[in-house]
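**Student:** Residue numbers (this note's numbering), protein chains in the order written: chain A, 1 to 153; chain B, 1 to 502.
Source of the hints: derived by calculation from the structure; they are not laboratory data. Among the clues, some could well be false.
To be verified - The calculated label-pair distances, taken between Cβ atoms and stated as ranges, are:
(1) Ala60/A / Gln384/B: 50 to 60 Å
(2) Pro233/B / Thr151/A: 49 to 59 Å
(3) Leu53/A / Leu481/B: 49 to 59 Å
(4) Leu56/A / Asp432/B: 11 to 21 Å
(5) Gly196/B / Ala137/A: 38 to 48 Å
(6) Ser459/B / Leu14/A: 52 to 62 Å
(7) Leu53/A / Leu15/B: 26 to 36 Å
What the hints assert, rightly or not - Computed list of lysine to any residue pairs in SDA-like fashion (alpha-carbon distance at most 20 Å, straight line):
(8) Lys450/B / Leu45/A
(9) Lys239/B / Pro377/B
(10) Lys387/B / Pro120/A
(11) Lys54/B / Leu147/A
(12) Lys54/B / Leu14/A
(13) Lys137/B / Pro354/B
(14) Lys118/A / Lys387/B
(15) Lys54/B / Leu145/A
(16) Lys450/B / Trp30/A
(17) Lys118/A / Pro354/B
(18) Lys54/B / Trp30/A
(19) Lys65/A / Pro377/B
Each residue gets a CB set at the ideal place from its N, CA and C atoms; glycine is no exception.
Residue-level listing of the chains:
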Amino acid sequence: MNTFTRKGDFWAGLALAALGIYIVSQAWGWNYMTEEGPGPGFFPLWYGSVMVLLSLALVAGTVLKNDPKSQKVLRWSELRRAMTCWAALAVCVAIIKYVGFMISFGLLTWFIIAIMFKRPQKVALAYAIGGAVGFYALFSWGLELQLPVGTLF
Amino acid sequence: MDIFNGLMQGFSVALTPMNLGMCFLGCFLGTVVGVLPGLGPPATIAMLLPLTFKMDPTGAMIMLAGIYYGAKYGGSTTSILLNVPGETSSVVTCLDGYQMARNGRAGAALGISAIASFVAGTIGTVLLMLVAPPLAKLTLAFSAPEYFALMVLGLTMVVLLAGDSLTKALLSMMVGLWIASMGTDLFTATSRFTFGQTELLGGIEFVIVAIGIFAVGEVMSNMEPEKPLDMLPVPKGLKNLLPTWQDMKDCKYAFLNGSLIGFFIGILPGAGATISSFLSYGIEKSYSKHPEKFGTGVIEGVAAPEGANNADTAGAMVPLLTLGIPGSGTTAILLAALVLWGFKPGPLFIEESPALFWGLVASMYIGNVVLLILNLPLVALFAQLLKMPGYVMYPLILGVSIIGVYTSDSSIFQLSLLVLFGLVGYVMRKLDFPTAPLVLGLVLGDSMEKALRQALMMSQGHLSILFRPIPAVLLCIAAFLLIVPLFKKFNSARVQMIDAEA
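If we strip away everything but chain A, and leave its shape as in the complex, we get (with noise of 0.2 Å):
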C-alpha cells in the first residue's frame, strides 16, 4: 500500500470532495437566479465547487508530498479507546427512548469506569448510581429540566 493511503489527510480529502460534489449537485436543481436576485443554489453553488477544488488540492497536496515525516499517519491503536468511548455514547442515546435518562447514563457511567478505566466495580457502581440519581435531582428536581423519558421506565 502507497505511504499517502496510510495518512488521514489523503481519506478526508476525498470525503470532502466527495461531499462538494454532493453540494453541488444538489444545488445544481435548485434556482441559481430568479427574478428578485440569487436563488437558493446560489449560495451552495458557490462553497461547494470552492470546497470540490480545495479537497482537491489537498489530495493532491498528500499525494506529491509522499514523505513519511511530513504527514501525521493515523494509528488505529490510539483511535480505539476514543471510539469505544463514542461506540458507548451511541449506545446510550440508541437505548435512551427505551429506558430513559438515569438508566442509560448510569451504564455509560459504569462502562466507562470499570471497562474502559479498569476501577473495581464498587467505585464504578457507586458513580454510576450517584451520577444518575445526583443528576436527576439536579435537573429535574432542581432546574425544572424535562430529563429524556423511556417507554419501559
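Let chain A serve as the given structure and place chain B on it in line with the hints.
**Tutor:** Only chain B this time, still in chain A's reference frame:
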C-alpha cells in the same frame, strides 16, 4: 446615552442579587474549567447554553461571559504548578511561571498572574466601554453589501490564523457554511440538504454542533491513558501568595503591555488570546534589561502574557457586540446565545439593548474583582481539582451534553446528531482540521448568505454593488490576506506562530 450614564445603568443591573450571583457562578465555573486541562470555555459555555433558555438573558449572559474570562484566570494555575497549560492561551505562562515555581516562587507566580489578570482585565473593560459605542455609531451606515464584506473579512482572518494548513482551515469553514445552509430557505421556502428528514427542515441547531464538536469531541480526545501528574505544591497562606513590592515595580510595564496588546489583538477576529499572550511576552522580552533571563523564571514573563490573555476577552467583545462578528469559537457561541435569546448583536445593539450591554460591561468590572478574590486566597483549593481523575469528569461532561441538547428541543433525533458531531469533532482534532472556522462558518453562514442575497437583490443581480468603497476595501483586504500565505516568508512566520500555539 453617554458612557457615564450607561455605566451607572449597567451597575444598577449587574448589582441586583440575582445578577451578582450569576456573575459569581460564571467566574467560579470559569476558574474551574480554566484549571482543568482538557475542558475549555467553548465546551462549557456550549453545554450550559441550553440550560439558560429559561433564565433572564442578562443574568445568563453575565454568567456565560464570566466563564469566558474566568477561564483565563484559572488557566495560569495549571501552567505554573504543572507545566501544562489549563487553557491554550496560558501556554506562554509555562515558560517562566513553571520555572518560578521550581525555584520556590510558586506563590509569587500565582499572585502576579492573578494581579496582572485583574489589572489587564479591568483596563480591557475600560477600553471596551470607550471603543464600542463610537464604533457602533460608525457602522450604523452599513447595509447588506458592507455586512457581507465584513463577514468575509472576519472569516478570512479566522481561517488565516486557525491552523497551519490554510486549505484545511478553509475546508473546515466550507463545512460550517454547508451545515448553516441545511433546512428551509427563508427566501423561497425550498428545502435544502434535509435528506428527506422532517426534523432537518428547521436546520441543525448551533448548540448541537457546538456541544458535539467541543464537548464530546474533547472527551474522546482525552480518552488516551492517563499519565500521573507531577504537581508542585501551592504555598500556604495569603502572605506567601503576594508578590513583593520589587516584583510589582518590575511588572509595571508588563501590566500596561499586556493590557494594550491583549485588547487590540482581541479586537481582530481570529487572532485570539494565545497570539496576544505570545506577542506581549515577545515585546516584554525585547524591551527588558535582562532578556537572556526570560525562560528561567522572570516575573515579567508571567505578568505580560497573563495580562494579555485577559484583556483579550474584553477586546473580543467589541466586534461581537458592535458588529455581530465573533472572532473565535467561544465568542461564536456567545453570539449564538444572544441571537437565541432574541437580541441582535450589531451597530444597534447598544441602543436597542442598553441594559444588557452596560450590565455586561459593569459585570466585567465586578467579575474581575471576584476573580482576584477567588484566585488569590482560594488558589490552593482550585489546584486540588487537578487531582480529579478523568473517569469521574468524562461521564459528567457527557451527561451534561446529553441534557443540554435534549433540553433545547426534547428530541432523541437531536441526540443522535450530537453523537454524530462528537465523532466529527474528534476526527477533526485527530487530522489537525481547526474547529473554529467550522463553528464560525456555521454561525455566520446564514447571515452571510442573507446579506449577499439582499445585496444582489438591491442591485438586481449586479456584482458591482460589492464594489462600493467600504465593501470593496474590506473584500480587497480579505483577498490580500488569502494571497499572502502564498509568499513563503509570510507563511513560515504564520506557521511558526501557530505551531508555537499548538
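**Student:** Decide, hint by hint, whether the structure agrees.
**Tutor:** Here is how each hint holds up against the structure:
For the hinted restraint 50 to 60 Å between Ala60/A and Gln384/B, the CB-CB distance of approximately 51 Å keeps it satisfied. Pro233/B and Thr151/A have their C-beta atoms about 53 Å apart, which keeps the hinted 49 to 59 Å range intact. The beta-carbon spacing between Leu53/A and Leu481/B, approximately 19 Å, falls outside the hinted interval of 49 to 59 Å. The given range of 11 to 21 Å is respected by Leu56/A and Asp432/B, whose C-beta atoms sit roughly 19 Å from each other.
Hint check: Gly196/B to Ala137/A, Cβ distance near 40 Å, so the stated range 38 to 48 Å holds. Checked against the hint of 52 to 62 Å, the pair Ser459/B and Leu14/A fails, with Cβ atoms roughly 39 Å apart. Taking 26 to 36 Å as the suggested C-beta distance range, the pair Leu53/A and Leu15/B does not conform, at roughly 55 Å. Taking the CA atoms of Lys450/B and Leu45/A, the gap is about 15 Å. The hint holds against a cut of 20 Å.
This hinted pair checks out: Lys239/B and Pro377/B have alpha carbons roughly 9 Å apart, not beyond 20 Å. Distance hint between Lys387/B and Pro120/A is fulfilled; the C-alpha atoms sit about 19 Å from each other, no more than 20 Å. Taken as a hint, the Lys54/B and Leu147/A pair is honoured in the structure, with Cα atoms around 15 Å apart against an allowance of 20 Å. Simply put, Lys54/B and Leu14/A have alpha-carbon atoms about 43 Å apart, too far for the 20 Å limit, and the pair is violated.
Under the criterion of a C-alpha separation no larger than 20 Å, the hint pairing Lys137/B with Pro354/B is consistent with the structure, at around 14 Å. Taken as a hint, the Lys118/A and Lys387/B pair is honoured in the structure, with Cα atoms around 18 Å apart against an allowance of 20 Å. For the hint linking Lys54/B to Leu145/A, the alpha-carbon distance of about 9 Å falls within 20 Å, and the restraint holds. This hinted pair checks out: Lys450/B and Trp30/A have alpha carbons roughly 17 Å apart, not beyond 20 Å.
A C-alpha spacing of about 54 Å is found between Lys118/A and Pro354/B, which places the hinted pair above 20 Å, so the restraint is violated. Pair hint Lys54/B plus Trp30/A does not hold up; C-alpha atoms about 39 Å apart against a cutoff of 20 Å. With a C-alpha separation of about 54 Å, the suggested pair Lys65/A and Pro377/B falls outside the 20 Å cut-off, and the hint is violated.
Checked against the numbered hints listed earlier, the structure breaks hints 3, 6, 7, 12, 17, 18, 19; every other hint is satisfied.
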